[in-house]
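Participant: The chain contents come next:
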Amino acid sequence: SQQGEEDPQALSIQEGENATMNCSYKTSINNLQWYRQNSGRGLVHLILIRSNEREKHSGRLRVTLDTSKKSSSLLITASRAADTASYFCATAVNTDKLIFGTGTRLQVFP
Amino acid sequence: GAGVSQSPSNKVTEKGKDVELRCDPISGHTALYWYRQSLGQGLEFLIYFQGNSAPDKSGLPSDRFSAERTGGSVSTLTIQRTQQEDSAVYLCASSSRVLSAGELFFGEGSRLTVL
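For the record, the sequence lines run as chains A and B.
Under our numbering, the residues of the first sequence are numbered 1 to 110, in order.
Under our numbering, the residues of the second sequence are numbered 1001 to 1115, in order.
Bound-form chain B, shown alone (with noise of 0.2 Å):
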């Protein structure tokens, strides 16, 4: 595609459900990061992906947290358990540099509220 597509764009759920966001990235592109950031807050980094393997989970916030990728490209993150802290956007990112982190490409997020 044109650029990094996200779905979906807003999700409420109750608390306690599973949630699973999708992040379709640019073609090619061999890096994907998620990162969350509340309202009105910085980006927090989650995870990052080289292809299909996850070199660094350090910022998955609890084991509740999982995310995978598929064939190089489409990423899931899976939310378990869904916290009312977890309601924040959850903003997905691709890059297609390889060696060290160039110009990153962002979706337009998607939206969690958990009540």
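So that you can see chain A by itself, here it is in the shape it has in the complex (with noise of 0.2 Å):
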């Protein structure tokens, strides 16, 4: 079963603007880590929080996490075209096990 949902689903924004990706999970984890799919085949890792951080930035990236609520959002600025893909939150449970998310599809128009 799923562990985290993101939301939207999917979003559409025009190069320039901010995409905001939002992922809510069910259990307490060691850490959440946000991932890029592009073309339907391998996921390339962007960023890792740990659960006893709240915020955590990498370039053009900004995860925020909200361990009370169970949630995170992944900020990706000044969008550009190369962004399009699919953005999936994972959680790692327990020790090893990490799940993931059912994705969020981001369309970024030239």
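Everything labelled a hint here was simulated from the structure, so no lab data went into it.
Owing to the predicted nature of the structure, the values given are computational and were not obtained by experimental measurement.
We put the beta carbon where it would ideally sit given N, CA and C, even for glycine.
Relax, there's no trap hidden among the hints.
The following label-pair restraints were derived from C-beta to C-beta distances:
(1) B:1064 / A:15: 42 to 48 Å
(2) A:110 / B:1055: 43 to 49 Å
(3) A:38 / B:1080: 31 to 37 Å
Could you use the hints to bring the two separately framed chains together as a complex?
Facilitator: Listed below in structure tokens is the structure:
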């Protein structure tokens, strides 16, 4: 069963705009990760935030984590057409098990 | 190798046949994961290995699915008596972390089509 649910399921924006995706999960976690997937094949790791962290930045990416609400958000600033992809959150439950959410499909129009 | 390698990249088979999917992780990575992704869907966890042992097999959909890992390296996912609902992309990933799930490195997947 899915641990995480992304919201929205799909998002369309213009280049230069910011994109915000949200992830909610059900159980306690060790860490939460965001991944990107192009064309339905391999995923690429974007960023990892630990359960004791509240915010993390990497380039144009900003991730927040609210463990009290069991939610996280991924913000992509100044989006580009090349950011068009599906984005997934993944939560580390117990030790090694990593469970992925349902994904957000982002379309950035030039 | 430089990255996670999966083979075959595409497999078309007839219902009832057995298939084997192979994953060659990044050298030295102790953790190896198998996921399944149906068209337009999220990733469904199947199984993961730490070394050669599989602490969690809870995601395997049925007893037709099995996986093994030998020498702490290559893993094989076997699907017996394939059904049409087994059609999906099977993704493998590896990680160097031992105690808690860290960054996963994914292969390009094996797309299975069962006719």
